[in-house]
Amino acid sequence: MPDPANAAPRERDDADDHDTKGNGAGGSRVLAATMTGFARTLRAAGVGADHQRTQGMLRALRHLDAADREQVYWAGRLTLCAGPDDIPRYDRCFAAYFGGERARPSRGAPPVTIVRHTVTPGGPDGGEGADGHATPATASRTEVLRTRDVSRVTPAELAEIHRLMALLRVPRERRRSRRFTPAHRGRLDVGRTVKETLRQGGEPARLRRMTHRTRPRRVVLLADVSGSMAPYADTLLRFAHALVRSEPRATEVYSVGTRLTRVTAELRHRDPGAAMREVSRVIPDWSGGTRLGEELKEFLDGGSAARGAVVVIASDGWERGDPALLGAQMARLSRLARRVVWVNPHKGREGYQPLTGGMRAALPYVDAFVAGHSLAAFQELAERLSHA
Amino acid sequence: MPHRTTRSSDVGSPAELAALLGERGYLADDGLTTACYLALRMGRPLFLEGEAGVGKTELAKTLAAVLGAPLIRLQCYEGLDASQALYDWDFARQLLHLKAAEATGATDAATLEGELYDRRFLIARPLLRALETQPSVLLVDEIDRADDEFEAFLLEVLSDFTISVPELGTISAPVPPVVVVTSNRTRDVHDALKRRCLYHWLEHPSFEREVAILLRRLPGCTETLAADVADAARRLRGAGLVKPPGVAETLDWAEALLTLGARDLDPGLAAATLGAVLKYREDQQAVLRDGVLHRA
Numbered sequence: 001m002p003d004p005a006n007a008a009p010r011e012r013d014d015a016d017d018h019d020t021k022g023n024g025a026g027g028s029r030v031l032a033a034t035m036t037g038f039a040r041t042l043r044a045a046g047v048g049a050d051h052q053r054t055q056g057m058l059r060a061l062r063h064l065d066a067a068d069r070e071q072v073y074w075a076g077r078l079t080l081c082a083g084p085d086d087i088p089r090y091d092r093c094f095a096a097y098f099g100g101e102r103a104r105p106s107r108g109a110p111p112v113t114i115v116r117h118t119v120t121p122g123g124p125d126g127g128e129g130a131d132g133h134a135t136p137a138t139a140s141r142t143e144v145l146r147t148r149d150v151s152r153v154t155p156a157e158l159a160e161i162h163r164l165m166a167l168l169r170v171p172r173e174r175r176r177s178r179r180f181t182p183a184h185r186g187r188l189d190v191g192r193t194v195k196e197t198l199r200q201g202g203e204p205a206r207l208r209r210m211t212h213r214t215r216p217r218r219v220v221l222l223a224d225v226s227g228s229m230a231p232y233a234d235t236l237l238r239f240a241h242a243l244v245r246s247e248p249r250a251t252e253v254y255s256v257g258t259r260l261t262r263v264t265a266e267l268r269h270r271d272p273g274a275a276m277r278e279v280s281r282v283i284p285d286w287s288g289g290t291r292l293g294e295e296l297k298e299f300l301d302g303g304s305a306a307r308g309a310v311v312v313i314a315s316d317g318w319e320r321g322d323p324a325l326l327g328a329q330m331a332r333l334s335r336l337a338r339r340v341v342w343v344n345p346h347k348g349r350e351g352y353q354p355l356t357g358g359m360r361a362a363l364p365y366v367d368a369f370v371a372g373h374s375l376a377a378f379q380e381l382a383e384r385l386s387h388a
Numbered sequence: 001m002p003h004r005t006t007r008s009s010d011v012g013s014p015a016e017l018a019a020l021l022g023e024r025g026y027l028a029d030d031g032l033t034t035a036c037y038l039a040l041r042m043g044r045p046l047f048l049e050g051e052a053g054v055g056k057t058e059l060a061k062t063l064a065a066v067l068g069a070p071l072i073r074l075q076c077y078e079g080l081d082a083s084q085a086l087y088d089w090d091f092a093r094q095l096l097h098l099k100a101a102e103a104t105g106a107t108d109a110a111t112l113e114g115e116l117y118d119r120r121f122l123i124a125r126p127l128l129r130a131l132e133t134q135p136s137v138l139l140v141d142e143i144d145r146a147d148d149e150f151e152a153f154l155l156e157v158l159s160d161f162t163i164s165v166p167e168l169g170t171i172s173a174p175v176p177p178v179v180v181v182t183s184n185r186t187r188d189v190h191d192a193l194k195r196r197c198l199y200h201w202l203e204h205p206s207f208e209r210e211v212a213i214l215l216r217r218l219p220g221c222t223e224t225l226a227a228d229v230a231d232a233a234r235r236l237r238g239a240g241l242v243k244p245p246g247v248a249e250t251l252d253w254a255e256a257l258l259t260l261g262a263r264d265l266d267p268g269l270a271a272a273t274l275g276a277v278l279k280y281r282e283d284q285q286a287v288l289r290d291g292v293l294h295r296a
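One line per chain: the protein sequences are U and L, in this order. With UniProt numbering, the residue at position 203 of the first sequence is 203, and numbering never jumps. With UniProt numbering, the residue at position 83 of the second sequence is 83, and numbering never jumps.
Pulled out of the complex, with its shape left as it was, chain L reads as follows (with noise of 0.2 Å):
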């Protein structure tokens, strides 16, 4: 289904951003549309914190399609460092470079070795495509995976938009991208960090509007299966789980249910697909023993 794209400058208010975002299947409460609407109206990164699966990677691909912009992530993990979220120099074809150079018979050195820090030959990694991209929705994924050293790094980027490169100069963005950084919160982020973004946790969605999202995701999913399953899930988040199932475990659940031809949340049917929604085998039989999807 084809949807027009927004530029940023163009949202009005949180209600109309909230609109906006609810065609493309993403229903956010008033707090996360008031924070996506400031982050775009303030051009301040977004840090978003919640628990896995409550929807915040998909908010940034929401973004980036209600914009019509790129989404440009960067994977976070342990030991990422500056040559693979920045740029690097292609080194391979630099030195083919400098041999074509030579065969020809070119002599002066300095033009050779001016050529050979050349635009071509950057790779832009994704912070530096980010800058590169207008517009562009740049996430910054599980931030806290990452080593503490670099987020000082990344707090340099994000506020100036700039990049320097030693051989090349500046580069920066004429509009800064729109960044949406995540957390798990496995750690404790700089705090530094979090005061240039606007700071944000999401909370498991209301049963309202977890059977909303249901029956906006999933075309042919009835009321009552919906409905079922979010109230399943609500009970399940309240059952001391070691991995209470997030929005995404719900939609999956619901979606095998509704492969398998459930119209309502069969208890059967529930314990045949309960590992779609439930990932750890304590979970799944604590669920089955204490009985915690027939309801009261």
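So that you can see chain U by itself, here it is in the shape it has in the complex (with noise of 0.2 Å):
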């Protein structure tokens, strides 16, 4: 990758280069290096002040005074920034790096490792069990393993369980879209009549007909890693990771517990393992307390990501802040999605009763309320997810 600081100071701009303001030849070098360092701080906090960006701001920087601290700042948030999220972490390295003192290049602790074992993906028998040899996976022996609660496995076992869950595919019912696609029967297709009637010379075609094309119906997954859930919690990512890798589209996931955090961005990632390695990295809030009513208001308030979507709930409910918040949040959410299902590990258990309060305020809003202990539990999932 080159370096920004020797590609960066005076690259050819749109026809106005001319209008410089407060920096000579020899100043606008400086400020090239000292900007490109403080991208390069931004980076390390995690804004994705790319090249690209940070060519934008010294071209930002060349309409403005680069000398006004006030509309330094302004050239670098409008031109590196890309969200609300960023905006935070640019303020604090705005102030360290332009402060006197350097931000630390770091991104704070290191990062929690979930990874309990590296499972080759697709490999003929998930590679070395942890037992020293490899077990091939005889139909029986995955028939029995498919029921197991993945709280109560053996390590090798787990590892085979979270293959099986790499394999799983999600299709997604189909909802119907605005835009039209060819078809042989449903409404006339003025267009392409009329166009091949011109293409014919005027004399009249054969009818063209379209017809509503089918888009996959949206399913956001709100997954809680919170203390309570930490045996459950990285089958649960796995089974995210296959829901964002059957649907890259149409899939949004959330981890909730104290925080709420996006990483579908981090699931895209094609092998799990290192799907599993970006989550960990990014989710702050591991093992913590859950606070899912005010995560579930931050979720609604953050847009209609919800809207006509099946929004799936993975958690055990054990509800630390206010279930009456919980419930007027479960009761907009209901109102929004198209379909709310609640997934809690401990219903695969026998005779398990929801009663705990955050169970018992968010049940009512709830459209299906299943398990989420086991492999089996999780296609039984999926299939539900695939079928309207």
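Bear in mind the hints are in silico, worked out from the structure with no lab data behind them. Keep in mind that the hints are not guaranteed to be accurate.
What the hints assert, rightly or not - Dumping the calculated EDC-like pairs for lysine to aspartate or glutamate here, alpha-carbon to alpha-carbon at most 16 Å:
hint	chain 1	residue 1	chain 2	residue 2
1	L	279	L	252
2	U	195	L	113
3	U	195	L	167
4	L	99	U	322
5	U	195	L	88
6	L	99	L	115
7	U	195	L	115
8	U	347	U	149
9	L	279	L	51
10	L	279	U	301
11	L	279	L	249
12	L	243	L	282
To be verified - If you want the ones that stay clear, here's a sample from chain U, every Cβ over 10 Å from chain L, calculated:
hint	residue
13	177
14	183
15	367
All residues carry an ideal CB built from backbone N, CA and C; glycine is no exception.
Combine the two chains into a complex, taking the hints into account.
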């Protein structure tokens, strides 16, 4: 990768090269070096301030006063940031970098690793088992594994379950789009019919028809990664990975706990192991408490990702916050979403009763309440998501 | 009130632009002014994100007024495609032309076909219209509602400001239009598109700015009423509502209160006009129950 600092100083501009404010030729090189350094600090803090954006910032500065702190701030913010999440990071870096001290180019605490075993995806038998020898997955063995509670299996069995999970394909139910596609029957396609008539010099052509296209219905998964869900979080996120990989454009995944974090982009990674590492890096609140109500509110306030979607909440409902808030948000959610599915790992246990405050508040607004403790349970869930 | 219009190249500084926007009743803060200024000077689209009602669309309208340019609006929705955004052929007129030519005995097929794909049969949709209109302000409203395929297509148009019509050739804009793209962030817009733009996250205005906006936009509004309404709006935004009010709602509310002859925020009138500012029943109930409108 080319070092931006070497390539930066004065590239061609959009025909407005001449109006440079307050920085001569020598000054502009210093400025470029300073600003590329700043962009590097930002990248270290997780803002996607790439080369192209850095160039944009330098161009913007030519129209502004590079000696004015305020204007430098805005030139950078407008060109280097790409979303509201970037802005607090930008502010911190700006204060640190231009306040005299350099921001530490690290991401803070080392990431928590949740990958318990490395599994070769798609390998003939999931790689070496933890017990030292490769175990071929026979049909009956798989069948037994399918129904085992993932919190009570050996590491080798869990690896096998995760390997099968990686193979899971989750097609989506289809919904009608506004767009049309040519078809044999359906509404008259005036455009195509006339176009064809024109091509034949005005001779009436065959009538062309069209029908509505269909698109996959979006699935939004909210995965609880709080402490009480710890034995299931890994498997749950692997299911999320299979979901995203099946329909990358029609899936959104968020982790919930004490913070709402969007992890869809991280889960797009093809390799499950790599995706899990990425996810573990970005989730800030592993094994913390649960404030589902507040996070659900944040999720719903953040836009209408839930509108028309099938929303899956995977949590045991151990709500530390106010169950009334959770209930109110669930009511909102049920009005926005196409369907709400609640996955609770404990539901697979015999004699389980949804008695926690959170679960009791949420259940009236849930269309389906399902188990999520085993491979079989997740396969059933996948089935549910692929049919209306 | 007549305003003089300004060419985008004549705007000398962000402060000057702020004054021009202010003359037309849009009070922008430093960040937004700088964003608009850079958009004009660098010829880059301005990508505005922020909650509904913070004034994203209004900004495009005001920019158009400042530049004396028509505002060309492309409202995005799911299923929007090139023939609705770019151009389409007027098939009916083409067919009529063909029939008319036949009636007069025209026989040269090549000439006839050439005539059929003449510019006059091309219907310009917003993007093409913006390229052909000099100067113009193009508002691509709520891009997050369009399909993601549409973004790639838009990126192409916004990169070159050129549209090629196979039957006609290339149409390009000598001076690119001023482009404002808005998003309510219901989904992530592709990074490639954002990278092409200047990105600005629009916040609700500060208390002082909101008071100034109310006074500027509503003749007859007393300073007491403006301050009371802005203060109440600030508290409503902090009350954890389903839909916190934007500037548009604050303005509606103040106008409703003014219409009823209020000179300050009388609690009775406030409760009676709550529908102008809060559009969810739960929000209205919560506000009345918790006494958010009553100052501590």
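Okay, the hints, checked on the actual structure:
The hinted pair formed by residue 279 of chain L and residue 252 of chain L meets the criterion: a straight-line CA distance of about 12 Å does not exceed 16 Å. At most 16 Å may separate the alpha-carbon atoms for a hinted pair to count; residue 195 of chain U and residue 113 of chain L meet this at roughly 12 Å. For the given pair, residue 195 of chain U sits about 13 Å from residue 167 of chain L by alpha-carbon distance, which is consistent with the 16 Å threshold. At most 16 Å may separate the alpha-carbon atoms for a hinted pair to count; residue 99 of chain L and residue 322 of chain U exceed this at roughly 73 Å.
The hinted pair formed by residue 195 of chain U and residue 88 of chain L meets the criterion: a straight-line CA distance of about 12 Å does not exceed 16 Å. Restraint check for residue 99 of chain L and residue 115 of chain L: the C-alpha separation of about 13 Å stays at or below 16 Å, so the hint holds. A C-alpha spacing of about 14 Å is found between residue 195 of chain U and residue 115 of chain L, which places the hinted pair at or below 16 Å, so the restraint holds. Proximity of residue 347 of chain U to residue 149 of chain U is assessed by CA-CA distance (about 11 Å); at most 16 Å being required, the pair is judged to hold.
The straight-line distance between the Cα atoms of residue 279 of chain L and residue 51 of chain L is roughly 15 Å, inside the 16 Å bound, and the hint therefore holds. Distance check on the hinted pair: residue 279 of chain L and residue 301 of chain U sit about 14 Å apart at the alpha-carbon level, within 16 Å; holds. As the CA atoms of residue 279 of chain L and residue 249 of chain L are separated by approximately 9 Å, the hinted pair is consistent with the 16 Å bound. A hinted pair counts as satisfied when its Cα atoms are at most 16 Å apart, and residue 243 of chain L with residue 282 of chain L qualifies at roughly 10 Å.
Not every CB of chain L is more than 10 Å from the CB of residue 177 of chain U (nearest about 6 Å), against its label as outside the interface. Every Cβ of chain L is farther than 10 Å from the Cβ of residue 183 of chain U; the closest lies at roughly 16 Å, confirming the non-interface assignment. Chain L leaves residue 367 of chain U outside its interface by the beta-carbon criterion, the shortest separation being 21 Å against a cut-off of 10 Å.
When the structure is compared with the earlier hints, violations turn up for hints 4 and 13 and for no others.
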